[in-house]
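Student: Full structure from sequences and hints, please.
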Amino acid sequence: MSGSPEMLSCREVVELVTEYLEGALSEAEEVRFEEHLAMCDGCAAYLDQMRTTIALAGRLDPEAVDLEACDRLMHAFRGWKADPEGRAE
Amino acid sequence: MYLDTLVLHAMPSTEAQHPIATPEDMRLVDALRAGDEQVFRDLVERYNASLIRVALMYVRTRAVAEEVVQDTWIGVLRSLPRFEGRSSLRTWIFRILANQARTRARKEARSVPFSSLAGGDAPAVDPDRFLPVDHSAYPGHWATPPRSWGGLPEEELLARETREHTLAAIDALPASQRTVISLRDVEGWSSDEVCDLLEISEGNQRVLLHRARSKVREALEDYLNGRAA
Amino acid sequence: MIAYTFTGPGARRPFRGDRWPPPGEWAAAGRGSRVDHLPVWIATELWLVELEGSVHEVATQLRADRGRLVRRIDAWDDAAAGEFARWCGRRILELSRAADGDERLNAFRADAETFAAAADANVAGWVATRAAAAADGEDGAARERARQTGWLQERLHLDPVPRV
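Residue numbers (the numbering used here), protein chains in the order written: chain A, 637 to 725; chain B, 6 to 234; chain C, 10 to 173.
There's no promise every hint is true.
Example chain B residues on the side facing chain C (calculated, C-beta under 10 Å, incomplete) [what the hints assert, rightly or not]:
| # | residue |
| --- | --- |
| 1 | Thr108 |
| 2 | His140 |
| 3 | Ala142 |
| 4 | Tyr143 |
SDA-like cross-link-like pairs, simulated, lysine to any residue; straight-line CA separation at most 20 Å [what the hints assert, rightly or not]:
| # | chain 1 | residue 1 | chain 2 | residue 2 |
| --- | --- | --- | --- | --- |
| 5 | A | Lys717 | B | Asp76 |
| 6 | A | Lys717 | B | Phe88 |
| 7 | A | Lys717 | A | Cys706 |
| 8 | B | Lys112 | B | Glu71 |
| 9 | A | Lys717 | B | Arg32 |
| 10 | A | Lys717 | B | Gln43 |
| 11 | A | Lys717 | B | Ile79 |
| 12 | A | Lys717 | B | Leu85 |
| 13 | A | Lys717 | B | Asp41 |
| 14 | A | Lys717 | B | Thr66 |
| 15 | B | Lys112 | B | Thr66 |
| 16 | A | Lys717 | B | Asp35 |
| 17 | A | Lys717 | B | Gly80 |
| 18 | A | Lys717 | B | Ser84 |
| 19 | A | Lys717 | B | Val44 |
| 20 | A | Lys717 | B | Ala36 |
| 21 | B | Lys112 | B | Leu82 |
| 22 | A | Lys717 | B | Gly40 |
| 23 | A | Lys717 | B | Arg38 |
| 24 | A | Lys717 | B | Leu82 |
| 25 | A | Lys717 | B | Lys112 |
| 26 | A | Lys717 | B | Ala68 |
| 27 | A | Lys717 | B | Asp47 |
| 28 | A | Lys717 | B | Pro86 |
| 29 | B | Lys112 | B | Arg100 |
| 30 | A | Lys717 | B | Arg87 |
| 31 | B | Lys112 | B | Gly80 |
| 32 | A | Lys717 | B | Gln75 |
| 33 | A | Lys717 | B | Arg46 |
| 34 | B | Lys112 | B | Ala68 |
| 35 | A | Lys717 | B | Ala39 |
| 36 | A | Lys717 | B | Leu48 |
| 37 | A | Lys717 | B | Glu42 |
| 38 | A | Lys717 | B | Met31 |
Calculated from the structure, these hints are not laboratory results.
Note that CB positions come from ideal geometry on N, CA and C, so glycine has one too.
Tutor: In structure tokens, the structure reads:
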């Protein structure tokens, strides 16, 4: 209940953010979490930043493979293709 | 709004927690079996970086991790006849990697204990950002609250430089944290898939994910604050 | 059942990062509250919402499998929210006069003067509740929330049991 001793502080909220996003909080904890966010711009901004962080991680550019490593792999591929050791026909 | 779309795609997916091979997976496997080098090259470019990050959870140096990943790709090719599509292609590739990495770690007999990779117990946010817990009116509340990034121009958030800072922050993480955020948020794996692959509990996985995301958020906040008007 | 729900601008769902679809269209995870708990959830827009599927109350929130917006309560606008914020500010000053010298109340009183704009409405209500708790314990806090609900009901002509 808002105003009760179980009210969350911002310090506690930032430690619960991952569990909240994972849906791992109990219903009561989730409501307590959201009650806090309703009155706290700072924590609302924090949650928003966290969502953006996750979204950015999901949009990373593909990372270039080391040229030498890539050459070795293509060489190995051609070797495998020539002698696949039991590749079914 | 493009930013809305950006965040929407970060919401948890409702698809199966353990996906089986898609028609696209089977097409790729057939192409590999037929000796299609371009398909192999594309696959390598797609997964190599994440494979190295997972390998680094088991072996100590990047050089060894890269060797393990090379061996993994050879293993993938040699195991192609045995791929039945009961798991997705990427799960199958990463399982081969995990097995190779564990074997190599045992051989090296210097594998890093899991606990030392977890990165300690640092709080998600610098305690200085909050009022003291014995503050009379607002114990534990923000002293310097974060500002919404919604006020930043979208081009800023979507710019290559922002993505590069995100990548740098991920690569600076301790190995286990880096692996979990890589698989969950970069690659989009489900919690169940990650726990299965790494053989860790959901609770452990969540703690690692929490620490990883907290650090990356902080790094991004530092970078974006430096660029805000 | 029909309930009240607050949203961000443009029917943005406050904690989910997405928006309600247009009124009449169902969305998953319906959320709202009874009139008694309105002050806790104050945000930019106020709507009537229809909740369906395992509707149950957890603390101050009504939860259901799905929900859909019914109509917006236009009387809740920036002007009303600003008035509420300033009224809460005056309440804080009254409450802190009643129990002078309490360190907490000094801090609340200082903040009371800053509560002026629509954006302050929710936090002003919360601080007034905390001031009431400092003066009169948790019972005082509950009474203050009831007072706030009364203010909203009167100002916005709200039905205690919302009707479509």
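Student: Does each hint hold? Answer for all of them.
Tutor: Taking the hints in turn, this is what the structure says about them:
1. Proximity of Thr108 of chain B to chain C is violated relative to the hint, the smallest CB-CB distance being about 42 Å (cut-off 10 Å).
2. The interface hint given for His140 of chain B holds, since its Cβ lies 8 Å from the closest Cβ of chain C, which is under the 10 Å cut-off.
3. Hint on Ala142 of chain B holds. Least Cβ distance to chain C is approximately 3 Å, under the 10 Å limit.
4. With a least beta-carbon distance of about 7 Å to chain C, the hint placing Tyr143 of chain B at the interface is held under the 10 Å criterion.
5. Using a Cα cut-off of 20 Å, the hinted pair Lys717 of chain A and Asp76 of chain B holds, with the two alpha carbons roughly 16 Å apart.
6. With a C-alpha separation of about 17 Å, the suggested pairing of Lys717 of chain A with Phe88 of chain B holds against the 20 Å cut-off.
7. Note on Lys717 of chain A and Cys706 of chain A: the hinted pairing holds, with a Cα-Cα distance of about 16 Å set against a maximum of 20 Å.
8. Annotation: proposed proximity of Lys112 of chain B to Glu71 of chain B holds, straight-line Cα distance about 16 Å (limit 20 Å).
9. For the given pair, Lys717 of chain A sits about 18 Å from Arg32 of chain B by alpha-carbon distance, which is consistent with the 20 Å threshold.
10. This hinted pair checks out: Lys717 of chain A and Gln43 of chain B have alpha carbons roughly 13 Å apart, not beyond 20 Å.
11. Our distance criterion of 20 Å between C-alpha atoms is met by Lys717 of chain A and Ile79 of chain B, whose separation comes to about 11 Å.
12. Between the alpha carbons of Lys717 of chain A and Leu85 of chain B the distance comes to roughly 12 Å, so the proposed pair stays at or under 20 Å and holds.
13. Note on Lys717 of chain A and Asp41 of chain B: the hinted pairing holds, with a Cα-Cα distance of about 9 Å set against a maximum of 20 Å.
14. Between the alpha carbons of Lys717 of chain A and Thr66 of chain B the distance comes to roughly 31 Å, so the proposed pair goes past 20 Å and is violated.
15. Taken as a hint, the Lys112 of chain B and Thr66 of chain B pair is honoured in the structure, with Cα atoms around 14 Å apart against an allowance of 20 Å.
16. Straight-line distance between C-alpha atoms of Lys717 of chain A and Asp35 of chain B comes to about 13 Å, which keeps the hinted pair within the 20 Å bound.
17. Restraint check: the Cα-Cα separation between Lys717 of chain A and Gly80 of chain B comes to about 13 Å, which is no more than 20 Å; the hinted pair holds.
18. Between Lys717 of chain A and Ser84 of chain B the CA atoms are separated by roughly 13 Å; this keeps the pair inside 20 Å, and the hint holds.
19. Simply put, Lys717 of chain A and Val44 of chain B have alpha-carbon atoms about 13 Å apart, close enough for the 20 Å limit, and the pair holds.
20. At most 20 Å may separate the alpha-carbon atoms for a hinted pair to count; Lys717 of chain A and Ala36 of chain B meet this at roughly 12 Å.
21. Using a Cα cut-off of 20 Å, the hinted pair Lys112 of chain B and Leu82 of chain B is violated, with the two alpha carbons roughly 23 Å apart.
22. The hinted pair formed by Lys717 of chain A and Gly40 of chain B meets the criterion: a straight-line CA distance of about 6 Å does not exceed 20 Å.
23. For the proposed pair Lys717 of chain A and Arg38 of chain B, the alpha carbon gap of about 8 Å is at most 20 Å, so the pair holds.
24. Proximity of Lys717 of chain A to Leu82 of chain B is assessed by CA-CA distance (about 9 Å); at most 20 Å being required, the pair is judged to hold.
25. Distance hint between Lys717 of chain A and Lys112 of chain B is unfulfilled; the C-alpha atoms sit about 29 Å from each other, more than 20 Å.
26. Between Lys717 of chain A and Ala68 of chain B, the direct Cα distance comes to roughly 27 Å. Violation of the 20 Å bound is thereby established for this hinted pair.
27. About 17 Å separates the Cα atoms of Lys717 of chain A and Asp47 of chain B, which keeps this hinted pair within 20 Å; it holds.
28. Between the alpha carbons of Lys717 of chain A and Pro86 of chain B the distance comes to roughly 13 Å, so the proposed pair stays at or under 20 Å and holds.
29. Only pairs whose Cα atoms come within 20 Å are accepted, and Lys112 of chain B paired with Arg100 of chain B is accepted, the gap being roughly 18 Å.
30. About 16 Å separates the Cα atoms of Lys717 of chain A and Arg87 of chain B, which keeps this hinted pair within 20 Å; it holds.
31. Only pairs whose Cα atoms come within 20 Å are accepted, and Lys112 of chain B paired with Gly80 of chain B is accepted, the gap being roughly 18 Å.
32. Restraint check for Lys717 of chain A and Gln75 of chain B: satisfied, since their Cα atoms lie roughly 16 Å apart, inside the 20 Å limit.
33. Restraint check: the Cα-Cα separation between Lys717 of chain A and Arg46 of chain B comes to about 14 Å, which is no more than 20 Å; the hinted pair holds.
34. A C-alpha spacing of about 15 Å is found between Lys112 of chain B and Ala68 of chain B, which places the hinted pair at or below 20 Å, so the restraint holds.
35. For the proposed pair Lys717 of chain A and Ala39 of chain B, the alpha carbon gap of about 9 Å is at most 20 Å, so the pair holds.
36. Between the alpha carbons of Lys717 of chain A and Leu48 of chain B the distance comes to roughly 16 Å, so the proposed pair stays at or under 20 Å and holds.
37. Straight-line distance between C-alpha atoms of Lys717 of chain A and Glu42 of chain B comes to about 9 Å, which keeps the hinted pair within the 20 Å bound.
38. Proposed proximity of Lys717 of chain A and Met31 of chain B is supported: the alpha carbons are some 19 Å apart, at most 20 Å.
Checked against the numbered hints given earlier, the structure breaks hints 1, 14, 21, 25, 26 and satisfies all the rest.
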